[in-house]
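Visitor: Using the sequences and the hints, build the whole thing.
Protein sequence lines, in the order shown, are assigned to chains A, B and C.
Counting from 846, one number per residue, gives the positions in the first sequence under the working numbering.
Counting from 27, one number per residue, gives the positions in the second sequence under the working numbering.
Counting from 69, one number per residue, gives the positions in the third sequence under the working numbering.
There could be a bad hint or two in this list.
Okay, derived cross-link-like pairs now, DMTMM-like style, lysine to aspartate or glutamate, Cα gap no bigger than 25 Å in a straight line [stated by the list, open to error]:
hint, chain 1, residue 1, chain 2, residue 2
1, B, Lys177, A, Glu1166
2, B, Lys40, A, Asp1125
3, C, Lys457, C, Glu338
4, C, Lys428, A, Glu1139
5, C, Lys474, A, Glu875
6, C, Lys457, A, Asp1077
7, B, Lys104, A, Glu1139
8, C, Lys457, A, Asp936
9, C, Lys141, A, Asp1097
It is worth saying that the hints were derived from the structure and are not from the lab.
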Amino acid sequence: MSLAAAIAARDPDLLPSRRDEDWRWTGLRELIRVVPPASPKVASVAGHAALAALGWPTLVFANGHTLEEASIAIPATGKGAFVRRFVSASDGAAHHVEADVSVGEGGRLVLIDSFEGEGAGYVASAALSIRLAANARVERIVLLDDAEDAISVARTDVDLAPGASFHQTVLAAGAKRQRFETHVSHPGAGVNVRLDGAYVLTGKRHSDQTTVVAHAGENGITTQLIKGVATDQARGVFQGRIVVQRGADGTDARMAHHALLLSDRAEIDAKPELEIYADDVSCAHGNTVGALDEAAIFYARSRGIPEAAAKAMLTTAYLGEVIERIVDEPARELALAWLTGRLERLA
Amino acid sequence: MLNISNLHVSVGSKPIIDGLSLAVPAGEVHAVMGPNGAGKSTLSYTLAGRGGYEVTGGSATLNGEDLLTLGPDERAAKGVFLSFQYPLEIPGVPALTFIRTAMNAQRKARGEPEVSAPDFLKRVRAAAANLRMDMDMLKRGLNVGFSGGEKKRMEILQMALLEPRLLILDETDSGLDIDALRIVSEGVNAMRSPDRAMLVITHYQRLLDYIKPDRVHVLAAGRIVASGGPELALELEREGYDKYASSSQSVAAA
Amino acid sequence: MAAVQKTIDTVSALEAYEHGFVTDIETEFAPKGLSEDTVRFISAKKGEPDWMLEWRLEAYRRWIAMDEPDWAKLSYPRIDYQDAFYYAAPKEKDGPKSLDEVDPELLRTYEKLGIPLKEQAFLAGVQGSPKIAVDAVFDSVSVATTFRAELAKSGVIFCPISEALRDHPDLVRKYLATVVPTTDNYFACLNSAVFSDGSFVYIPPGVRCPMELSTYFRINASGTGQFERTLIIADKGSYVSYLEGCTAPMRDENQLHAAVVELVALEDAEIKYSTVQNWYPGDPDTGKGGIYNFVTKRADCRGDRSKVSWTQVETGSAITWKYPSCVLRGEGSQGEFYSIAITNGRQQADTGTKMIHLGKNTRSRIISKGISAGKSTQTYRGLVSAHPKALGARNFTQCDSLLIGKDCAAHTVPYVEARNAHCTFEHEATTTRLSDDQLFYCQSRGLDAEASVALLVNGFVRDVLQQLPMEFAVEAQKLVAVSLEGSVG
Ligand SMILES: Nc1ncnc2c1ncn2[C@@H]1O[C@H](COP(=O)(O)OP(=O)(O)OP(=O)(O)O)[C@@H](O)[C@H]1O
Ligand SMILES: [Mg+2]
Chain A
846 MSLAAAIAAR
856 DPDLLPSRRD
866 EDWRWTGLRE
876 LIRVVPPASP
886 KVASVAGHAA
896 LAALGWPTLV
906 FANGHTLEEA
916 SIAIPATGKG
926 AFVRRFVSAS
936 DGAAHHVEAD
946 VSVGEGGRLV
956 LIDSFEGEGA
966 GYVASAALSI
976 RLAANARVER
986 IVLLDDAEDA
996 ISVARTDVDL
1006 APGASFHQTV
1016 LAAGAKRQRF
1026 ETHVSHPGAG
1036 VNVRLDGAYV
1046 LTGKRHSDQT
1056 TVVAHAGENG
1066 ITTQLIKGVA
1076 TDQARGVFQG
1086 RIVVQRGADG
1096 TDARMAHHAL
1106 LLSDRAEIDA
1116 KPELEIYADD
1126 VSCAHGNTVG
1136 ALDEAAIFYA
1146 RSRGIPEAAA
1156 KAMLTTAYLG
1166 EVIERIVDEP
1176 ARELALAWLT
1186 GRLERLA
Chain B
27 MLNISNLHVS
37 VGSKPIIDGL
47 SLAVPAGEVH
57 AVMGPNGAGK
67 STLSYTLAGR
77 GGYEVTGGSA
87 TLNGEDLLTL
97 GPDERAAKGV
107 FLSFQYPLEI
117 PGVPALTFIR
127 TAMNAQRKAR
137 GEPEVSAPDF
147 LKRVRAAAAN
157 LRMDMDMLKR
167 GLNVGFSGGE
177 KKRMEILQMA
187 LLEPRLLILD
197 ETDSGLDIDA
207 LRIVSEGVNA
217 MRSPDRAMLV
227 ITHYQRLLDY
237 IKPDRVHVLA
247 AGRIVASGGP
257 ELALELEREG
267 YDKYASSSQS
277 VAAA
Chain C
69 MAAVQKTIDT
79 VSALEAYEHG
89 FVTDIETEFA
99 PKGLSEDTVR
109 FISAKKGEPD
119 WMLEWRLEAY
129 RRWIAMDEPD
139 WAKLSYPRID
149 YQDAFYYAAP
159 KEKDGPKSLD
169 EVDPELLRTY
179 EKLGIPLKEQ
189 AFLAGVQGSP
199 KIAVDAVFDS
209 VSVATTFRAE
219 LAKSGVIFCP
229 ISEALRDHPD
239 LVRKYLATVV
249 PTTDNYFACL
259 NSAVFSDGSF
269 VYIPPGVRCP
279 MELSTYFRIN
289 ASGTGQFERT
299 LIIADKGSYV
309 SYLEGCTAPM
319 RDENQLHAAV
329 VELVALEDAE
339 IKYSTVQNWY
349 PGDPDTGKGG
359 IYNFVTKRAD
369 CRGDRSKVSW
379 TQVETGSAIT
389 WKYPSCVLRG
399 EGSQGEFYSI
409 AITNGRQQAD
419 TGTKMIHLGK
429 NTRSRIISKG
439 ISAGKSTQTY
449 RGLVSAHPKA
459 LGARNFTQCD
469 SLLIGKDCAA
479 HTVPYVEARN
489 AHCTFEHEAT
499 TTRLSDDQLF
509 YCQSRGLDAE
519 ASVALLVNGF
529 VRDVLQQLPM
539 EFAVEAQKLV
549 AVSLEGSVG
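Guide: Below you can see the structure in the form of C-alpha cells.
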C-alpha cells in the first residue's frame, strides 16, 4: 500500500487512506480518484539560480529519470558536497523515482535535495536511501518546492553504522498533499542523529513531515526540532515516532515540534510519539501550537516597531532557530534565503 | 507635558484605575509610589498602549496630543518609552537587531532618515560602556537567559538609544544590585533635560536618593491619594501606606 | 517524615492483592452467551419500559455488525463473547427494603473491602470524618445505596440506574446516550445492549451536593462480565464530587468489564469524578486471569463555564482500555484529567484522555503519570483538538512515564489537532527510569529497596494524588506502593 505501488499499477485502491493510522491527516485515496498516466521523459529542465550559485556537482532527475547517468558515492574518508534536483516537469502526470547515496568509512557529505515542481497537477513519488559507513557524517538539506496543486510523497531510509552522524533539515512549502518521510535505523553506539524541519504554508497547501527513528543499540542520541507556520487554509502535519528497542539502554532522545497558526482557517496536526522498550533511557518530547506571543508583539511595538514588522520579525526569529542549527555555511545561507523568500509570501 | 485627567481603566471587566489625574510638566521627574496591586503597572501599560487595558473614561495627552487612540508603536514614535517591570525575552532576535529595527521604525514614522550601521554601532558601544554592559550580551537573543538585573540594564540601554521624551520607569530598581542601581541611575539622570518628563515608579527611597524627584505621588486603589515634595517619599518609608489605604477606602465609600 | 513512614508501614502491612477473596453467595445468572434473548432477559429482570428494551435491542443489532477495535497497543486473545454470563445477581427473597434486609454476607464483603454500607456505622465511626453516600454494585445489580433520604432533602437523586429508569424515566430518557451515543464504539455499544446496573445521579440547579457520592463495583461471580452504566447530571450552578472504586476476586479466567459513564454539566456546574480502579490484574508471573477493562467515560461540558475534572488511579486489570474525555461545548468550560496508571506483572494498559474544544475560551489540563514495571506495557494515548470556532482554547498537557525494570514498556501517543489561530496548546512529555542516585540516597538513609521505590514513586505521582479527595488519597497512596511490590529485586 503506497503511492509508488498505485502509480506502478495505476490502481487508486493501493493508495493509503485516512483510515490508515499513519495517514490519518494525509489520506491520498480520498484525493486521487484516477491515477494519472506516466510522466513523459524530458530532455532538460529549467535552471535553479540559488542552487547553481553554490557551484556544487549536481544530479538532475526529471520526471523520475536521471538526465545523465551518475550516482553519489563518497569513498572512505572522502569529502563531498552535492546537489540533487528532483524535478517534476510535466502537467497531470505521475512518476516515481529511486536513488541511493552511500558514504564510506569516515567520509563526509553535505547533500542538498531539492524537490521542484515545474509542472502542475502532477503526482510524484520518491524512495531514497542513504547509507553511512562507520564514522561517516552527512548533513542534508531538503527543499520541498512542489507546485501548489501537486501531490508529492517522498520517503528516505537512512542506515547508519556505528560512530556515524546524520543531520537533516527539511524545509517544506507544501502542496495539495505533500509528505516527506524519514526513517532512520539508529544503531546507538554514539551515533548522533538530528532530524530538523521547518514549514511555511500558505493558501490551501498541506505539508506532512513524518519521521521514525528506531534505536536498536546502546547510547544513541536523537534530537529533533520541527517548527512551522500555517496561514490561510493551510495545514501542517508532524508525525514523529522515536522507538527505543529492548536493550537500547542509554538512549537520549529529544523531539520538539512547535507551530504557529496565523489564520482561523489554518490547521496544525501533530503526533509526537515515544515507543520505549528499554528502561535506562531519557526521552522527552514537547509540542506547542499557538499564535505569536501577544506580549512580545506589544513589547516590540512599545519600542516603535509597527505591528506587521513586529510580527514578521518574530516569525522569522521563530523559524530561524531551525536554520541556525545547520552547520555547513553555504547550506545554511541557502536555507535562510529559502526561508526569507517563503516568509515574504506570508505578508 | 504629560497630562492625565480622570482616567478610568479596566482589565477584563475589573476596574483598576479609578479616576486618576496627574500632570508631569516638561523637565520634571515625578515619582509614583503605592502598595502592591494599587495599579501602578496598569497605569504604565495603559500609557504605553498594551492590549487588554480598556480605558473606560478620562484622557491622557502628551504635549496636548491624545495618546489613548494611538497604537503602541505610534506612541513610541511620539516619544513614549516604558521600561518594563518584567522585561520580555525574545529568542532568535539579537538585542542589536531589535534596537536598530526599533530606532529606524521610529525615525521612519517621524520622517527622519535611517541611522547608518557604523553610526548605530558607535552609539551602542558608547551607551553600553556607560551602563557597563558587554557587547556580547547584545548579540544574543534579546534578554534570553539574562538575570533580572541584566534585563533592567537592557531596558535602560534601549531608553538611552531611543531618546524618548516621556520616560516611564516601572520598578527599574527591583532586581538591581547596589552597583547596578548606581550605574542605572546615572544613566537615567544623564537623560534629564528640559524637554523630557519622567515618571518613576518605585517602592524604595533608595532609588530616589539617586534620581531626585521634583514631586512624589501616592497611588492607592487606582487613584492619586496624596502628592507632595521629595519629603513625602521619606514619610512613606517611615510610616507605610496605612493611612492612605484607609483614606482611599473612605474616598471610595463616599 | 510522618507520611513517609506511614507509606512504608502500609506497604509492609499489605498483601499483594488484598481484594482477591470470593464471596460465597447464592447467585442468579442469565443463560450463558449473548443473543437478543439475553437482552430481553436483562430488560425483563429490570422491569424496564418497552422503549428501553427497544433501545437495547437496537444497540445489540448494531453491535453485531461492528468490529472490535485494534488500534490500541494491546494484545490479548480474541474474546469469546458467547462464553460469558451477562447477568449475575445475588439471589434475594423479595428485594431488600432497607439496609437491614441486605444479605449479611454481602455486607460483610463490603466491610472486608473497607466500604461502609451501614449509615450508622458511618455515624459511629471516626469522629469528624466526612460522610460519603455509597451505591454498592455487586456483579450486575446494585445491592445498597446509603444516605438516600438525607440526599433527597436537598433534592439530590442518587440511586441505581435501574431504579431511575422506573422512578425518573423522563430524566434518564433526556440524557441517556446523549454523551456516549449507542454506537460510539464497540464496547459502548455492547454496554448499551446489556448493561444491568450502575449509578444515577442528578443534582438540581444551584445545589452543592452535601456529601461525596461514591459507587463501589465488585465483580464476584465466576465467568461473568460486568456492564454498568453511570449517568451523572449536574444541573445549572450545581456541584458534585463522585468517587468510584472497583475490585474483583482472583480468578484464573479473564472477566470482561465494559462500562459506560456519562457526565453532563450544565451552566456553571462542576463535576469532580475520581476513580480508584483496582480490578484483579491477573497473575503477575503467568499473566493468567485478570479483568479486561474496556471503559468509555465521557463528560459533556454542555453549559457555559461548566467544569469537569477526571481523576483516576489505575492499578488493576489485566487489560485497560480507557480514555475519560471532555467535550468542551459551553463557552469558557473547563476540562481536567489527572491520571496515575501503574502496570506491573503482565498488565497492559492503553489509557489517556480526549479534550475536545468546541466552545470559545475553553480550557483543559492533562497531567498523566504512568509507571510501568515488571513485564507490563503501558501507553498514554491522548487527543487534544480545537474546532475552528473554539477561539481562545487552551490546553496544557504534562505526560510523564517512569520505567522500572528492563522488561517493561512505556509509550506516549498524543494527538494534537488545532484548527484556529487563537488556541494555545502546550504538551510536554518525558520518559525516564527511576534514578539510581535517588534510590541509593533513600537506601543510604535506611529505607529498603521497596520502600525507596514506593517513596520515589509517590513523589512522582504527587501532583495527581493531590487532586483526589482526602479519603481516596490515602487509599491511592497505599495502592501505589502495593502495586509495585516485587518490581525491584
Ligand atoms: N491581566 C489582569 N487580569 C486581572 N487582573 C489584573 C490584570 N493585571 C493586573 N490586574 C490586577 O490589577 C491590580 C493592579 O495591578 P498592577 O500590576 O497595576 O499593580 P502595581 O501597583 O503595579 O503592583 P506592584 O507594586 O506589585 O507592581 C492588581 O489587583 C492586579 O491583580
Ligand atoms: Mg507593578
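Visitor: Work down the list of hints and note, for each, if the structure agrees.
Guide: Right, here's what the structure says about each hint:
At most 25 Å may separate the alpha-carbon atoms for a hinted pair to count; Lys177 (chain B) and Glu1166 (chain A) meet this at roughly 22 Å. Proposed proximity of Lys40 (chain B) and Asp1125 (chain A) is contradicted: the alpha carbons are some 52 Å apart, above 25 Å. Distance hint between Lys457 (chain C) and Glu338 (chain C) is fulfilled; the C-alpha atoms sit about 23 Å from each other, no more than 25 Å. Restraint check: the Cα-Cα separation between Lys428 (chain C) and Glu1139 (chain A) comes to about 18 Å, which is no more than 25 Å; the hinted pair holds.
Restraint check for Lys474 (chain C) and Glu875 (chain A): not satisfied, since their Cα atoms lie roughly 43 Å apart, outside the 25 Å limit. Taking the CA atoms of Lys457 (chain C) and Asp1077 (chain A), the gap is about 15 Å. The hint holds against a cut of 25 Å. Distance restraint check for Lys104 (chain B) and Glu1139 (chain A): the Cα-Cα separation of roughly 22 Å lies within the 25 Å cut-off, and the hinted pair is therefore satisfied. Distance check on the hinted pair: Lys457 (chain C) and Asp936 (chain A) sit about 38 Å apart at the alpha-carbon level, beyond 25 Å; violated.
With a C-alpha separation of about 23 Å, the suggested pair Lys141 (chain C) and Asp1097 (chain A) falls inside the 25 Å cut-off, and the hint holds.
Comparing the model with each numbered hint stated earlier shows that hints 2, 5, 8 do not hold.
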